[in-house]
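For chain A, the structure is supplied; the task is to place chain B on it using the hints.
Chains as they are written, first to last, in our numbering: chain A, 1 to 459; chain B, 1 to 459.
One or more of the hints may lead you astray.
[As the list claims (entries may be wrong)] 27 Å max Cα-Cα, derived DSSO-like pairs, lysine-lysine: (1) 139(A) with 112(A); (2) 139(B) with 139(A); (3) 189(A) with 189(B).
[Unchecked claim] Taking CB as the label site, the calculated pair distances span: (4) 413(B) with 8(A): 19 to 29 Å; (5) 369(B) with 7(A): 37 to 47 Å; (6) 376(B) with 236(A): 51 to 61 Å; (7) 378(B) with 233(A): 38 to 48 Å.
It is worth saying that the hints were derived from the structure and are not from the lab. Heads up, the beta-carbon is just placed ideally off N, CA and C, and yes, glycines get one too.
There are 2 protein chains.
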Amino acid sequence: MLSLLPLNLKALNDRRQRLQQIFPEPVLLWSGAPLPRNFRANAYPFRASSHFLYFAGLPLENAVICLADGNLDLYWDEPPAQAALWQALPPRRETIATYIGARAHYPLAELKTRRAEFATLPHLDAQVVQEQTQVLGRKVGLMESERDRALAEAIVTLRLCHDEFGLQEMRQALTVTIAAHRAGMQRSKTAHSEAQVRAAMEGVILEHHCTCAYGSIITTHGEVLHNDRYTNSITPGDLILADVGAETPSGWASDITRTWPASGQFTAPQRDLYQVVLAAHDACIAALQPGVEYREIHLLGCRVLAAGLVELGILRGNPEDLVAQDLHALFFPHGIGHLLGLDVHDMEDLGDLAGYAPNRHRSDRFGLRYLRLDRPLQVGMVVTIEPGFYQVPSILESAKTQAAYQAEVNWDRLADFASIRGIRIEDDVLITAAGSEVLSAALPTTPEAIEGLCTDEGI
Amino acid sequence: MLSLLPLNLKALNDRRQRLQQIFPEPVLLWSGAPLPRNFRANAYPFRASSHFLYFAGLPLENAVICLADGNLDLYWDEPPAQAALWQALPPRRETIATYIGARAHYPLAELKTRRAEFATLPHLDAQVVQEQTQVLGRKVGLMESERDRALAEAIVTLRLCHDEFGLQEMRQALTVTIAAHRAGMQRSKTAHSEAQVRAAMEGVILEHHCTCAYGSIITTHGEVLHNDRYTNSITPGDLILADVGAETPSGWASDITRTWPASGQFTAPQRDLYQVVLAAHDACIAALQPGVEYREIHLLGCRVLAAGLVELGILRGNPEDLVAQDLHALFFPHGIGHLLGLDVHDMEDLGDLAGYAPNRHRSDRFGLRYLRLDRPLQVGMVVTIEPGFYQVPSILESAKTQAAYQAEVNWDRLADFASIRGIRIEDDVLITAAGSEVLSAALPTTPEAIEGLCTDEGI
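With the rest of the complex left out, here is chain A (with noise of 0.2 Å):
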């Protein structure tokens, strides 16, 4: 188990003391239990609270840890002797205990003995929820409780910005997750569904000990913006939009999406639309420095986008009119990307609290509304950039917006790309004091690349 957990310890005593800087009362967390499937022994596979994993490290089951002072304590019950027959047991508490550098080591019953107030975070598990509203003797949650709201604040304020090693935690997740989306390609040349392409992409997943961070959206049909199903078959004019990505075994993700053509080669229509969103993609990631608003990369990313569909003549107009209206949100319905970290969405079960600077709250217009993250960036962060153009048919097919968007939409010319349903093109960036940095850059986006993986023999 700790052969695949390789830990930085100095990085998890920084985050603990960190911690005590910003929220000096102590704090308990816990990791969580494995959720039955159908009976009890037929769980999922286990993963640990974000929040725990981030202080603790290892994704240890039904565990708590106690910070305080900069220190951590660890309360877990080792497994009995006799559960040696049906599991690989965990190495013994103490062995644990120094692993991740815990100050002291105690059996879970200790917790009830210990009277301070902590401050928590309310576990997503129910049952988790209940034990920490007993042992905590009142109320567990951001609403119910000052404290742990301030303390949610604090957290967030801590796993915005990665430290080295969350970032090569991160690495190590695309590393795989580019050898995940190569596969995808190969596959595509000889599958005949969707599902054939998920096991080659899942499968070297899998190989390199990582799971999905999120279920992979693997499809023909990728205007169906997370679309899980892989029942669709595969003809050689489709394009597979393939929103895939690894993560680590102590927890951290990746997310990266790629779209291709089936055959290998993109028609001239497919290759028109899809340079327009790689333009998008890449005037959003030039733009990232720390202080901008990542607000106006998504507006930007939109005018790049109006402004290539004005090229194409879908849309008519001026792009940054265009966007004032949100005429760009009938084909890119979504926001340009989101925190990345230990959750593909960073902290979202925090709410808005990680992705919504204090006192910003989400817009009611379309072309916002489904903005994950609006705050300015900083040293540290990392973002995904994924742009994408959609033929949403609950969007472009009423005939109320067809006749609402006469003047803006030619609705003749969109129809040369009546078979083009999909496409995004998603890169996890870090903010640098230089600017950024891309690190999904070795995976290529530009269509001559895309195709020379999709066909090339010697991968």
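Coordinates of chain B only, in the frame set by chain A:
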């Protein structure tokens, strides 16, 4: 969605009517909701409750069915139209109701207006149990409600013996599982890690639109019975134990184990022990027939194993006596198998209610403690037969054990087999009027055939 889920309406109607005959009161069953992995939008793949699936046929999220008078009423809310942007929308409620042969269909809110005294089965998800408690206005559970317990007993009666539809689903799952095992054997020729073999096997399952019915066991350390870590490397002298089963889209399970030499060729000691396990496997299957006690099958398997170990010079004595003293359990500490159906341990969510006939309970004997099934066999049951031989350090390496069994175990002779850690051979068998049918017979078990599958270029 529906295209992957061909239903047999006659079978579903029969199930509903047979329930009504043995349990005439009205019943509500909940399907459940997707469980969050690290935030709500990042959920584990949804698995509906097996009891729900048995009567409804489709894995609908957040659905409730009412079974009364042999009919089914569906309570379910369609996702809002704007959800089409994010997910592949399921068909309309009306379409689904027709598809599953529902008498009527309602929004979920209607449930609260129903005033009957319903029976139910407690869902595994604590949040669903809260809903159940609210809707029924009482505590829910087999210990809390005689009505619920009576329903559980009635459903066990039905689900113990499978109809043609269930069998057809299990046969479909097995076709995929057998392909996965063949792929695993082929992959072993070049694999250096358990993770690579796992990727090949689970890839086949994904390609066929199935999921894993349980956490696969694919390991060179088969002596850890539920070893699901895949962290070991593979060396040519290793045996690979793979316990892997596909589950169909409508939730039916399969469960096969094979053990093969990583090199493609058994060594002489490996083959000798493999033959002992195979003899037990074959003897148990030959003895299966209606009316026979499954516990006797278990004891038969133990005796054949003991006899084989006596023949190899590892045990000393009379097989019957050795089993009476649980000496076989030093090397075979688990039960010979279990029920199979919608769950891999069918209905284990109800504890031992399905596995143990009324008024029977788990034995304290080491050699019987882990027996999951103790009933007379009936036509239509599907059971696994899965004898094994393991060298479990926590059992065999204790000085106390070695001293206690100096007479019965030839520890020196055992040392000749030291490198052999775990062997298991598992098949899924249907009890028929004529005796039994091995549903997984298409995957051979003899060492010669296994070697052929490992090395054959033609697959």
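Here is how each hint holds up against the structure:
1. 139(A) with 112(A): Answer holds: residue 139(A) to residue 112(A) is near 16 Å, not above 27 Å.
2. 139(B) with 139(A): holds, 23 Å
3. 189(A) with 189(B): holds, 25 Å
4. 413(B) with 8(A): 19 to 29 Å: Given a distance of about 49 Å, which is not inside 19 to 29 Å, the answer is violated.
5. 369(B) with 7(A): 37 to 47 Å: At 38 Å between Cβs, range holds.
6. 376(B) with 236(A): 51 to 61 Å: Holds, at about 57 Å.
7. 378(B) with 233(A): 38 to 48 Å: holds, 41 Å
Checked against the numbered hints given earlier, the structure breaks only hint 4 and satisfies all the rest.
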